[in-house]
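J.: Residue strings, one per chain:
Number of protein chains: 2
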Amino acid sequence: MEGAIKTLVTTFISSSRGKDNLDSKSFQKLVQKQFSGMMEDTNSSKKIKEMQAGLDANNDGKVSFQEYLTLIGYLANCVSDSKTNSSQAASDAS
Amino acid sequence: MEGAIKTLVTTFISSSRGKDNLDSKSFQKLVQKQFSGMMEDTNSSKKIKEMQAGLDANNDGKVSFQEYLTLIGYLANCVSDSKTNSSQAASDAS
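If you read the sequences in order, they're chains G and P. Going by this note's numbering, the first residue of the first sequence is number -6, and it counts up by one from there. Going by this note's numbering, the first residue of the second sequence is number -6, and it counts up by one from there.
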């Protein structure tokens, strides 16, 4: 688990090149590089911009570490829901 | 990154034995097993109970997945701060 949490942090730091925030370009690169297997439409920069706007709680046009953690939480919920649904389907089928 | 997010989810699911929430005993086991290298006082059940109370937003005596994600965010912030401070110290020293 420690490794997983450190991965979340180091990925943000390397994507933001050590700055406090991700600008649009680095946010798009991060999403396309890291989440193309978990999210749809990562090849659409329009969709990524919409996602960024949805995360941008303080409307500064950037993604802070807190806003990034909100995205991680959202993705974790999606994974959790899919695991819960698949185990539900398995028990229905048995 | 996908692996890191899946680790966060599967650790919760295995610790809660597939239930929606962690009870006190399973929360304590999770903290002691997963975070002893990142947190102090994980050998103190009193401290873990205090942490659980701090996370328990709906006061139901359990830790939901959302409340668990809050803990993950807190730990990620601690790791991020320690990395930022250490790189700051390195640049001060040079």
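No wet-lab data here; the hints were simulated from the structure. Among these hints, one or two may not hold up.
Pairs involving identical chains hold if they fit within one copy or between any two copies, as the list cannot separate such chains.
Unchecked claim - With a Cα cut of at most 20 angstroms, we get these calculated SDA-like pairs of lysine to any residue: (1) 76 to 4; (2) 26 to 84; (3) -1 to 27; (4) 76 to 37; (5) 42 to 86; (6) 12 to 32; (7) -1 to 66; (8) -1 to 63; (9) 42 to 72; (10) 76 to 14; (11) -1 to 77; (12) -1 to 28; (13) 76 to 30; (14) 18 to -6; (15) 39 to 77; (16) 76 to 9; (17) 22 to 82; (18) -1 to 35; (19) -1 to 67.
J.: Could you work out which of the previously given hints the structure breaks and list their numbers from low to high?
T.: Hints 2, 4, 5, 6, 9, 15, 17 not satisfied by this model.
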